[in-house]
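A.B. asks: Below are the chains, spelled out letter by letter.
There are 2 protein chains.
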Amino acid sequence: MRIEIDASLVERYIMELGKFGAYGDTGVWRVVYSPEWTGAMDQYGAWCEEAGLTVKRDTVGNLWGVLKGSQPGKSIVSGSHIDTQRPGGRYDGALGALAGLIALKALKQQFGTPKRTLEAVAFCEEESSRFPTTNFWGSSAIVGRIKPGVAESMKGYADETMADAMKSVGLDPARISESKRDDIDTFLELHVEQGPILEHGDYPVAVVNAITGIRHKKVTLKGVQNHAGAFPMDLRRDPMAGFAEIASGLIDTAHRMGRPAVTTVGRITVDPNFPSVVPGKVEFIVDARHPIESVRQEMYAKHDAFMKEVAARRGLDITIEQLLDHKACPSDPALVALLHRAAEKQGIRAFTMASGAGHDSQQMAAISKVAMVFVRSKDGRSHTQEEFSSIEDIVEGIRVLAGGMHELAY
Amino acid sequence: MRIEIDASLVERYIMELGKFGAYGDTGVWRVVYSPEWTGAMDQYGAWCEEAGLTVKRDTVGNLWGVLKGSQPGKSIVSGSHIDTQRPGGRYDGALGALAGLIALKALKQQFGTPKRTLEAVAFCEEESSRFPTTNFWGSSAIVGRIKPGVAESMKGYADETMADAMKSVGLDPARISESKRDDIDTFLELHVEQGPILEHGDYPVAVVNAITGIRHKKVTLKGVQNHAGAFPMDLRRDPMAGFAEIASGLIDTAHRMGRPAVTTVGRITVDPNFPSVVPGKVEFIVDARHPIESVRQEMYAKHDAFMKEVAARRGLDITIEQLLDHKACPSDPALVALLHRAAEKQGIRAFTMASGAGHDSQQMAAISKVAMVFVRSKDGRSHTQEEFSSIEDIVEGIRVLAGGMHELAY
Chain A
1 MRIEIDASLV ERYIMELGKF GAYGDTGVWR VVYSPEWTGA MDQYGAWCEE AGLTVKRDTV
61 GNLWGVLKGS QPGKSIVSGS HIDTQRPGGR YDGALGALAG LIALKALKQQ FGTPKRTLEA
121 VAFCEEESSR FPTTNFWGSS AIVGRIKPGV AESMKGYADE TMADAMKSVG LDPARISESK
181 RDDIDTFLEL HVEQGPILEH GDYPVAVVNA ITGIRHKKVT LKGVQNHAGA FPMDLRRDPM
241 AGFAEIASGL IDTAHRMGRP AVTTVGRITV DPNFPSVVPG KVEFIVDARH PIESVRQEMY
301 AKHDAFMKEV AARRGLDITI EQLLDHKACP SDPALVALLH RAAEKQGIRA FTMASGAGHD
361 SQQMAAISKV AMVFVRSKDG RSHTQEEFSS IEDIVEGIRV LAGGMHELAY
Chain B
1 MRIEIDASLV ERYIMELGKF GAYGDTGVWR VVYSPEWTGA MDQYGAWCEE AGLTVKRDTV
61 GNLWGVLKGS QPGKSIVSGS HIDTQRPGGR YDGALGALAG LIALKALKQQ FGTPKRTLEA
121 VAFCEEESSR FPTTNFWGSS AIVGRIKPGV AESMKGYADE TMADAMKSVG LDPARISESK
181 RDDIDTFLEL HVEQGPILEH GDYPVAVVNA ITGIRHKKVT LKGVQNHAGA FPMDLRRDPM
241 AGFAEIASGL IDTAHRMGRP AVTTVGRITV DPNFPSVVPG KVEFIVDARH PIESVRQEMY
301 AKHDAFMKEV AARRGLDITI EQLLDHKACP SDPALVALLH RAAEKQGIRA FTMASGAGHD
361 SQQMAAISKV AMVFVRSKDG RSHTQEEFSS IEDIVEGIRV LAGGMHELAY
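One line per chain: the protein sequences are A and B, in this order.
With our numbering, the residue at position 324 of the first sequence is 324, and numbering never jumps.
With our numbering, the residue at position 283 of the second sequence is 283, and numbering never jumps.
Since the hints were made in silico from the structure, they are not lab data.
We treat Cβ as the ideally placed atom computed from N, Cα and C, and that holds for glycine.
Treat the hints loosely; a few may be bogus.
What the hints assert, rightly or not - Below, a list of computed lysine-lysine pairs in the DSSO-like style, where the Cα atoms sit at most 30 Å apart: (1) A:Lys155 with A:Lys115; (2) A:Lys222 with B:Lys281; (3) B:Lys281 with A:Lys308; (4) B:Lys308 with A:Lys281; (5) B:Lys222 with A:Lys378; (6) B:Lys302 with A:Lys281; (7) B:Lys281 with B:Lys222; (8) A:Lys302 with B:Lys222; (9) B:Lys74 with B:Lys147; (10) B:Lys147 with A:Lys218; (11) B:Lys218 with A:Lys281; (12) B:Lys218 with A:Lys222; (13) A:Lys281 with B:Lys222; (14) A:Lys180 with A:Lys167; (15) B:Lys74 with A:Lys218.
Unchecked claim - Derived list of chain A stretches under chain B, where covered just means 3 residues or more per stretch with a C-beta under 8 Å from a C-beta of chain B: (16) 114–120; (17) 355–361.
Put together the whole structure using the sequences plus the hints.
C.D. replies: The structure is reproduced here in structure tokens:
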């Protein structure tokens, strides 16, 4: 069994969708509920209709293309988000929404009506690029996690409320809860990798066995601010020296744990941040991720013990505040096996890996089985105009996705 | 021989001078050419006259109290600055200006007219607290280092020119060069230590054998900005990891070299400084000081070699830019011995140490022999309202200073 995917159609859809919010040569700036986003959603809906799918829009603006099955039962769904970073590229999100549509179009053309209902979906506001405090807005609505009143209080970067942004495109924020669904059996999401692992290992695609768990900790080290010339090294309580030792140690720990453990110190604030003053205070954020829950906790315990030991030894006061903690989201093991079978049957080399970034699938896991397909990214780049995946790799990815859907639905 | 210093007079002068620009309970905010500064200078002049000194003001506003010697020859001068940080305390600078005056007053009362001319001096704008780009304004004028036109182009924090500030107190910027002197043989400066070395070693005073040399380097580490979740540790080129290793290493190197070597990383800028992004660029400033020129160069060579090795090993681009470089300023060895003799004769325990901070003496060294006396600082604090030295320690310091002047001038 081989599912044919039309490479020229894939390329045309990517390029045409990228025109909505085109930014620079290859970028896209398309935030939720903007005119660019509306244009892209309408185009997506038109392509769904061309493919013979029934188009439905829910009360937060997610768009569904339905291929009704001949038998009753819950749906098999595939898709991703249409909104982008400011600017992002043509692939992050958009490729997954198109992949769901293209897979359904190909399955319908090549195998006719399925037994089970298949759906393609384009979600809204995955990137939090207009409303920074959203947590997968469109998919949160589908799983019923948006509390009443949130749309009225949530503010965007331009200080507008989510409720007003929804109204501007004809959506009624009072009806958000109607987007909730309980009839989805399986959600499969195709996405660009956003890292260099497939490129480095020379694989076109991967089956994702988990979305990583993540914790953000804000760490404050307080020492004693002093004159950089008059205070000898041996009498200092220098929080920058403590920071440097801690950042080195945390990064080393994650490195030695090996893939897929990661730890990043990306943000630091120094008080007073003057060249000739031993600082009094250093604050920084530790982003540490692992997709296996027990190993994640073990890494945090190592990190905390090390930070406390360094602070105590250097005479620094330390406070550790947890800003964010999301558990790892394992894929359904049967779906992982199914997608690997679909790859194998079609002669496609598929790697197995965890996702180090978050995805709508994390939300969808609340109401359905989930798994993901990753497509190789050039230089591991994403959230930039430079992101790129080859049409050859994308076609392989859609074949794996469509193969999995075929086994489930026909 | 014992020189008597009136402790109650010392205390009264410190407290009364501290009223000009008093800030909070114990602070002083007194920038050059301000009404507070003018008031303090007038008070200093009045005390000089009370002590029987002839008052002279030069063309930049330094104030001199002269005790004419019975024989011709160059002067023996002692003093320091009257301007403060914003806010500073009662001791940094002001104490040295008062010490010169009090020493002359005591010598005149107890020993009469000296053979050689003695002078007390109050300098202006040592702290660069109104005009940040000055480099010891008052003492620079005395040694003839202020170039024509500088006062017109130099700007203060409130965007005023130095020339306008001078005019506001009746000084003519066209006449700055007239402040130049070539008739000073010896300059002795008493100052609070600004560090904890005397307190830690339980000494009331020190003779300063050198003012440290200092270099500021701006270091830029460029790596590759990446997603904090999707990019594995082993493929990152993370400039924050490089920074942490470098800062730890530089600080360790200075620590292992022992006193008086110091190295501080007080300022860092991270691009983009987001919690979930491996940064693309980290910039930081290294402040490294040593009072022995050959050891200073050796330390810089170690620092540079280490930074380059770390950057190369981690795949980071590094650029090192020199922002500032001041050579060490050794005290005159005969003056150091003289001040130690003056301490010993009066039963005062005096430590020997380098100054890790800069002082007017560095400028005065261009035209005269120099040495300094340090007085113990509580908790090593300075440039703050909390700075404090005890009257007992201050009196010991002035005795050492006056003892030295006595041996030179009588």
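A.B. asks: Could you run down the list of hints and mark each one as holding or not?
C.D. replies: Structure-based check of all given hints:
1. For a cut-off of 30 Å, the pair hint linking lysine 155 of chain A to lysine 115 of chain A is broken: about 44 Å separates their Cα positions.
2. For the hint linking lysine 222 of chain A to lysine 281 of chain B, the alpha-carbon distance of about 25 Å falls within 30 Å, and the restraint holds.
3. The hinted pair formed by lysine 281 of chain B and lysine 308 of chain A meets the criterion: a straight-line CA distance of about 28 Å does not exceed 30 Å.
4. Straight-line distance between C-alpha atoms of lysine 308 of chain B and lysine 281 of chain A comes to about 28 Å, which keeps the hinted pair within the 30 Å bound.
5. For the suggested pair lysine 222 of chain B and lysine 378 of chain A, the alpha carbons sit about 21 Å apart, so the restraint of at most 30 Å is met.
6. Simply put, lysine 302 of chain B and lysine 281 of chain A have alpha-carbon atoms about 28 Å apart, close enough for the 30 Å limit, and the pair holds.
7. Among the hinted pairs, lysine 281 of chain B with lysine 222 of chain B is consistent with the structure: their alpha-carbon atoms are about 5 Å apart, no more than 30 Å.
8. Of the supplied pair hints, the one linking lysine 302 of chain A and lysine 222 of chain B holds, its CA atoms being roughly 29 Å apart against a limit of 30 Å.
9. Restraint check: the Cα-Cα separation between lysine 74 of chain B and lysine 147 of chain B comes to about 25 Å, which is no more than 30 Å; the hinted pair holds.
10. With a CA separation close to 50 Å, the supplied pair lysine 147 of chain B and lysine 218 of chain A exceeds the 30 Å bound.
11. At roughly 21 Å between alpha-carbon atoms, lysine 218 of chain B and lysine 281 of chain A fall within 30 Å of each other, so this suggested pair holds.
12. At roughly 25 Å between alpha-carbon atoms, lysine 218 of chain B and lysine 222 of chain A fall within 30 Å of each other, so this suggested pair holds.
13. With a C-alpha separation of about 25 Å, the suggested pairing of lysine 281 of chain A with lysine 222 of chain B holds against the 30 Å cut-off.
14. At roughly 19 Å between alpha-carbon atoms, lysine 180 of chain A and lysine 167 of chain A fall within 30 Å of each other, so this suggested pair holds.
15. Restraint check for lysine 74 of chain B and lysine 218 of chain A: not satisfied, since their Cα atoms lie roughly 62 Å apart, outside the 30 Å limit.
16. By the rule of at least three residues with a Cβ nearer than 8 Å to a Cβ of chain B, the coverage given for the stretch 114–120 of chain A is violated, with 0 such residues.
17. Figure legend: the stretch 355–361 of chain A, annotated as covered by chain B; annotation consistent (4 residues with Cβ-Cβ distances under 8 Å, at least 3 required).
Hint compliance for this structure: hints 1, 10, 15 and 16 are not met, and every other hint is.
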